[in-house]
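Colleague: Chains as they are written, first to last, in my numbering: chain S, 1 to 422; chain G, 1001 to 1154.
Hints are supplied without guarantee of correctness; some may be wrong.
[Claimed, not checked] Derived lysine to aspartate or glutamate pairs resembling DMTMM-like cross-links, with alpha carbons at most 20 Å apart:
hint: 1; chain 1: S; residue 1: K271; chain 2: G; residue 2: E1139
hint: 2; chain 1: G; residue 1: K1014; chain 2: S; residue 2: E115
hint: 3; chain 1: S; residue 1: K275; chain 2: S; residue 2: E252
hint: 4; chain 1: S; residue 1: K96; chain 2: G; residue 2: D1136
hint: 5; chain 1: G; residue 1: K1070; chain 2: G; residue 2: E1091
hint: 6; chain 1: G; residue 1: K1048; chain 2: S; residue 2: E141
hint: 7; chain 1: S; residue 1: K183; chain 2: G; residue 2: E1120
hint: 8; chain 1: G; residue 1: K1016; chain 2: S; residue 2: E180
hint: 9; chain 1: S; residue 1: K401; chain 2: S; residue 2: D369
hint: 10; chain 1: S; residue 1: K333; chain 2: G; residue 2: E1091
hint: 11; chain 1: G; residue 1: K1016; chain 2: S; residue 2: E42
hint: 12; chain 1: S; residue 1: K182; chain 2: G; residue 2: E1044
hint: 13; chain 1: G; residue 1: K1092; chain 2: G; residue 2: E1148
hint: 14; chain 1: S; residue 1: K182; chain 2: G; residue 2: E1139
hint: 15; chain 1: S; residue 1: K355; chain 2: G; residue 2: E1009
Worth flagging that the hints you see were computed from the coordinates, not collected in a lab.
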Amino acid sequence: MEKFLLKNIENPDSADINEYVKAGGYKNLSKVLESGPKEVVEEVKKSGLRGRGGAGFPTAMKWSFAMADPKFPKYLMCNADEGEPGTFKDRPILEKNPHLLIEGMVISGYALGSEYGYIYLRGEYPEANDILNAAIRQAYEKNYLGDNINGKGVRFHLSVHQGAGAYICGEETALIESIEGKKGQPRNKPPFPVNVGAWSMPTIVNNVETLSNLPYIIEIGGEAYSRIGSSECPGPKLFSVSGHVERPGVYELPMGISLKDIIYNHAGGIKDNAKLKAVIPGGISTPVLPPDSIDCAMDFVSMPKAGSMLGSGAVIVMDDSVCMVRVAYRALKFFEHESCGKCVPCREGTDWLRKVLERIEYGKGTEGDIELLSDIAEIMSGKTFCPLGDGAAGVVTAMIKHFRDEFEEHIKNRKCSLADSY
Amino acid sequence: MFNETVLKEIEEIKAKYPERRSALLPSLYIAQREFGWLSHEAMECVSKALNVPEAMVRGTASFYSMYKHKPVGRHVIQLCTNISCMILGAEKLVDFIGTRYEVQPGGTSPDNRFSLVIMECIGACGTAPAMLVNTDFHENLSEKRIEEILDKYK
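Next comes chain S alone, as it looks inside the complex:
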């Protein structure tokens, strides 16, 4: 497949505006400034684009809610808080192709009637911060940002807002709290950000990859775009592949490609011909899959049927040297650390799950601990403020479902048989 999101990134100067323009960049922006904002919305609607941050919400629908709200100004936030462990797909866009994102944001702002955009960038990407700021400066100089874009009287201002190491700020209402200078704790919904978002104004939060698809949709047209990959969630998708594979990395492939194909064809198969044990398909908050379930289509609609979720498309491959109890324990340590503390089921549940998993892993588990884990997970499910707690519960439930033997073995033998690997 021809690359669009990762086009030209082998060019060492790909982040420079001149190189971007030379490769056809910003021409889609010029095109929409001729045709008008309504046409952009129409093309996005036809394209069937779904948000690439993890939830897969139809972008045109999110946009339409914000556009229907009569309040101005409207704010466009780019969610570049790529924190889901296993995910590193937005990093090549941010570091190697920043003008694609900027062009996508200006096009989106124009369509939405938004004149102010912010890129909420995770604090752990200091290089991307420098690169984005330099790219924004260049875009202002060349009149692709500012008060009179391309001499058409269109206004869009853009700046980077650096986060400071809180996973939860990837949740859109927490992101908004954070940009307002507060603790990143999710808000109660409704009202939704599209009506009452940043500084109480309609706010559209879209992922880096989502916004970077805009120039492509304009270039080939919504209808052609809708024919790429899965019919229900079309388009190209970035997959981050890590763990025990021969060729880890970010791959741009059509949405709906088989997980097996990604691992064995594109990422070169299991490292050193080892035996595959498990795959986490969409970042660590998505349920783990055993080897016999990986022949599934990677898109937002098919993955739930296969027992997991597409999430951010972060594929973590594990061979049989990996202890699944250890993985579950490490995942819960993460969720406990990142729980914002606002709601009880998540704050207490992640802590409790971590404690039980820790004692099982270290040979101190007792009979009934597996049932206890399942109970806690069930109590948490659907009762937390935001998806963080739900994700944590789902991780534990799936681990027990597919690897119960290993949990039982730890409890019976009072030790982890793979402990030396860590």
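With the hints as your guide, set chain G onto chain S.
Modeller: Here is chain G on its own, set in the frame of chain S:
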């Protein structure tokens, strides 16, 4: 108090947002740069520069893990041990750094050269295990690589 140059920098940041409190996270980074860590005095300066109550400044600062609430060494090692890094040996690297450079997670070496922070995913999973030293990414780590890299940070 912050000097004139820093205050001007903060004023410019304030101008990017409709409300001054939005400049809090960036201003905390500036305070950390100026003071080395977020001391009581550093947060007081932020509070005054933004006209945001000190309690709110402290409350916000305490929420985010990249703000430093105690003095740190000359170089900060931020090593990831999340799953993609863990399954490729990151936890053994924590032990190695601990022994070789006398620095434990959350602590600083006695010679004040390194502080060690355990990170929750730094987005370098495809080149795991990985770490940031100050603001530089170092990937595909092994004990040998870590030695070669860290020996350059004096």
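Colleague: Each hint should be assessed against the structure and marked as holding or not.
Modeller: Status of the hints after comparison with the structure:
1. S:K271 x G:E1139: Measuring from Cα to Cα gives roughly 18 Å; hence the hint holds.
2. G:K1014 x S:E115: 18 Å, holds
3. S:K275 x S:E252: 26 Å, violated
4. S:K96 x G:D1136: Judged against 20 Å, a Cα distance of about 16 Å means the pair holds.
5. G:K1070 x G:E1091: 24 Å, violated
6. G:K1048 x S:E141: Given that 20 Å is the threshold and the Cα spacing comes to 34 Å, the pair is violated.
7. S:K183 x G:E1120: Holds - the C-alpha atoms of E1120 of chain G and K183 of chain S are around 18 Å apart, at most 20 Å.
8. G:K1016 x S:E180: 12 Å, holds
9. S:K401 x S:D369: 14 Å, holds
10. S:K333 x G:E1091: 14 Å, holds
11. G:K1016 x S:E42: 31 Å, violated
12. S:K182 x G:E1044: 17 Å, holds
13. G:K1092 x G:E1148: Holds, at roughly 17 Å.
14. S:K182 x G:E1139: 33 Å, violated
15. S:K355 x G:E1009: Cα-Cα ~45 Å, so violated.
Checked against the numbered hints given earlier, this structure breaks hints 3, 5, 6, 11, 14 and 15; the rest are met.
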